[in-house]
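S.K.: Protein sequences appear in the order of chains A and B. Residues in the first sequence are numbered consecutively from 1, following full-length UniProt numbering. Residues in the second sequence are numbered consecutively from 1, following full-length UniProt numbering.
Calculated directly from the structure, the hints in this document are not laboratory data. There's no promise every hint is true.
All copies of an identical chain are treated as equivalent in the list; a pair is satisfied when it fits inside any one copy or across any two copies.
Claimed, not checked - Below 20 Å or equal to it, Euclidean Cα-Cα: the simulated DMTMM-like pairs (lysine to aspartate or glutamate) are:
| id | residue 1 | residue 2 |
| --- | --- | --- |
| 1 | LYS422 | GLU161 |
| 2 | LYS417 | GLU161 |
| 3 | LYS422 | ASP379 |
2 protein chains.
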Amino acid sequence: MKDLTPTVTTGPLPASRRVWHAGQRHPEIRVPMREIDLHPTAGEPPVTVYDSSGPYTDPEAEIAIDRGLPRLRAGWIAARGDTQTYAGRAINPADNGFAEGTRLVPEFPLRHAPRRATQGRAVTQMAYARAGIVTPEMEFVAIRENLGRKAQAEALARDGESFGAAIPDFITPEFVRDEIAQGRAIIPANINHPEAEPMAIGRNFLVKINANIGNSAVTSSMAEEVEKMVWATRWGADTVMDLSTGRNIHNIRDWIIRNSPVPIGTVPLYQALEKVGGIAEDLTREVFRDTLIEQAEQGVDYFTIHAGVRLHMIPMTVNRVTGIVSRGGSIMAKWCLHHHRESFLYEHFDEICEIARAYDVSFSLGDGLRPGSIADANDAAQFAELETLGELTQIAWAKDCQVMIEGPGHVPMHKIKANMDKQLQVCGEAPFYTLGPLTTDIAPGYDHITSGIGAAMIGWFGTAMLCYVTPKEHLGLPDRDDVKVGVITYKIAAHAADLAKGHPAAQIRDDALSRARFEFRWEDQFNLSLDPETARSMHDETLPKEAHKVAHFCSMCGPKFCSMRISHDIRAEAQKDGMARMAEKFREGGRLYLPVEDKA
Amino acid sequence: MKDLTPTVTTGPLPASRRVWHAGQRHPEIRVPMREIDLHPTAGEPPVTVYDSSGPYTDPEAEIAIDRGLPRLRAGWIAARGDTQTYAGRAINPADNGFAEGTRLVPEFPLRHAPRRATQGRAVTQMAYARAGIVTPEMEFVAIRENLGRKAQAEALARDGESFGAAIPDFITPEFVRDEIAQGRAIIPANINHPEAEPMAIGRNFLVKINANIGNSAVTSSMAEEVEKMVWATRWGADTVMDLSTGRNIHNIRDWIIRNSPVPIGTVPLYQALEKVGGIAEDLTREVFRDTLIEQAEQGVDYFTIHAGVRLHMIPMTVNRVTGIVSRGGSIMAKWCLHHHRESFLYEHFDEICEIARAYDVSFSLGDGLRPGSIADANDAAQFAELETLGELTQIAWAKDCQVMIEGPGHVPMHKIKANMDKQLQVCGEAPFYTLGPLTTDIAPGYDHITSGIGAAMIGWFGTAMLCYVTPKEHLGLPDRDDVKVGVITYKIAAHAADLAKGHPAAQIRDDALSRARFEFRWEDQFNLSLDPETARSMHDETLPKEAHKVAHFCSMCGPKFCSMRISHDIRAEAQKDGMARMAEKFREGGRLYLPVEDKA
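For reference, chain A alone in the conformation it holds in the complex (with noise of 0.2 Å):
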């Protein structure tokens, strides 16, 4: 099968070099980061910016699809005892929806045996965290997290609005331990994930954004949902859900896990649906439970849960303009609906909390009931269910479970902020996790655009995690273009986020791409840009030449117009005759020409 090895993105971004910070607490760990160099004109130094991309942006590291990335966290993990290995849930044909000969995706070479809790403990970073120990996932998150600061004293000045979160000058690993305890915060990490590099979501931190791959029943091979998954942490994804529904489904998510250097996401429901052979009234706790084992087996790093959706919500849809558009809310609702019952994932919910705490699978509660139009956002539907979310986090938090919550959906601007405070206020600040929103729903082909308007808005306001929208949406699957134009449109979104929030390093990377532009670094603003190859080819289309990359100017004005040119003449001016005696001189100036309103 031409797809058993498949070739993924690799090398370096331009400029750009992968660096470690080590541990201080835990010397082992090495927490990556990417460093920017600048022309040596700049006389700065690098820019220290954020690194989601995995070994894969590294030259020296070896890559090889077929075995996988190390197993960073492995150690780790062993060392706390209170885990062991196990044959694990043997892989049967359902799984893979049947798919068989060359119709199925040949299974991952290597098989490293599950590892799960012993003695029924809560191996999750919560239980850690609420018994005072920072785990090494802690420490490299804070480190992570500081962007190569090194103390608090090298904060910038702080600017902004927060709307009560409270991030601090400097993360400590202390700092991270709390927020985890406290429910505020998760490092999505099952134990069998140990490749991925740790990670938060979480008020008080960086802003951060998902993309979705997966193939669908229609279209998409496993070569390609890889490369999906390299290609969106490339450009800066934070996690991945693999929201496969067709076949080989097990298959494919083994070899995206064991090649992903983010968390990985996943909605099992969409799995045990297929063993159900696509009846949702034949779905069974059974089944369900099944399913969230062989993924916790696999190392899926969250689950998203439609647990939310209540019998006696599904009449407050019926005369929306949409319906239920979540593919998960609507399996629920029909199965409540034929049952005529509570759903099994609300009334056992404290099982699959079970499962989730062996593993440390942290639970995205799902928002079934989201709303699909501007015309049903904030609807009685939608409010109902996400106070359901916030009866089942308690739940969560009282089995040691980690928890997100999610969040719309189409909402127009005035709506978004009351999706925020009432999300804070049932769900006890879980970090929320939204889609979107889309503030309106006239242009399909560019909802990366008209959500990414309300992602950015509902960042500043406190959403821990945005899931990105590609061009796509409500049109087709999103091919690795897509995929691309998605993942930066939310960088986008999350870092105008922590701007406005006051994160105290999110502007290093602004002025310094401004300075650049200031001073006719071309170089330096592609290389600082989020996605230099756009960058440089469109200045390219209008001015190929090397020799323009120097210039002082650029097409839009040419030398004449150009405002940058004429500000360094302004400068050098102002330089020349001493600044304070200028300013004297022009204040006296302003009274001797005087000016139309004073001789009126």
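With chain A fixed as given, assemble chain B onto it according to the hints.
M.R.: Same frame as chain A, but now just chain B:
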């Protein structure tokens, strides 16, 4: 010369017809709108949307670029009896940058004698409004803003947060008159551009967008610019600014204006600078005045005037990260610095007003000191200039001149609202017209998105017109594709703002599209979108067959996972059973099936 008669894009958008609504006070006026027909199965009337595209989308219209558009306002203007035609200023070689021979763009073939006010009268819409006159332009705008609604009773339930804007349920001609008289709105409508269809820019009307076109010394030709203008209005640009700076500036502008159905704005300083060989300090009051008259006679509808840059403000920019980034601002700053005096624009602004009132050229008071980076947002220089723009507004209003105020720029989200609040406060509620703002500096190549976020927000807060930013911002001159992406992005921002402000008709299109989506009317979904071509082609990438356009699922989820389809089943089941009874049963059920937390 091959460019003699450019061809432009014509023909209706899919399923769309251009329709006209007649005036009541002025029965001769015909206000264009676009009606989008829906599939018969919808059982819904056509959706009426605002139409800025002019006759180009009307298959009945005879388009001849070398004759120009019909001069629809000619009779209205003449009938007022306060203007006269005259010989006009002679065109001289400097007007076209001394281009000669084959390098000279030919003159527009028809020369219409220019018209100006008799005996120093003010022939502005503001003067008429203050005199209590409801002009045909005002009634045209009233009908246009209502989007085909015939009476207040047809208004939707209002829902929004308008931050003090007061959009009535139904716009009357008298309301328009009052808004113009108060200076809260403008109708940019030079008496020498009778081809344009009147439109309003004001906080209590639909949010408008502007598209910039124009050649530079480096690139671009006349035919391209005319097509860019037609293309931009096809996708929704409400006004177009011609920012040309190269040779042939006069002749290209003539071709653009004679064929433009929307108001045309310029920055006369650019041409004035060409006339003095590009040396800022050689600019004079006389050259500038001559340029204003030249452009007023051609029919430019609004002038950006950078009269707010004052001598004492220049030192305030010296320590900025990006100095002065407005071309006009930097030119005037250089002039002030060189001559060490206040600019002739500021000192003789009353003289500029005399010209503007004789032709009804509106002012767009330029923000020459707008911030060019996040670091420089909302600084002393920016706000000092804004206060001066407030002074100038009063001077212009005293002469019955129409005014709008330009705004930034680069502004992080938490500093956006302060811009709007301060503008309203110091500029007497004159309409605000902003460029973006860009909410981060780190994404060249995607600045339509970084700025679309800010534009949607500031539009919501009260900005009347949003100046688009294309993906090429900071990198190169936009081509036709960039213009379209910029326009669509800004239509999204403007529409998201209308929704959030609670415009009484804004949600009609969202609801129609969402109903189409829910009912799998794919064609309607495409046709109702801002860019039907792109929506259709993205859908067809995955599911190209015609049969799939009636399919009750799409490529994202496939048939089994289609939430919309399941929602229909749910709705059917609910209706079968009787909604109220069902809800009652569910409430009982909710008590029978004991949920998890009740057991605890």
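S.K.: Using 20 Å as the alpha carbon limit, work out where LYS417 and GLU161 are close: within a copy, between copies, both or neither.
M.R.: both (14 Å within a copy, 12 Å between copies)
S.K.: If the cut is 20 Å between Cα atoms, do LYS422 and ASP379 qualify within a copy, between copies, both or neither?
M.R.: Classified as within; 13 Å inside a copy, 35 Å across copies.
S.K.: When no copy is specified for LYS422 and GLU161, does a C-alpha distance of 20 Å or less occur within a copy, between copies, both, or neither?
M.R.: both (19 Å within a copy, 18 Å between copies)
Figure legend: structure checked against the earlier numbered hints; every hint is met.
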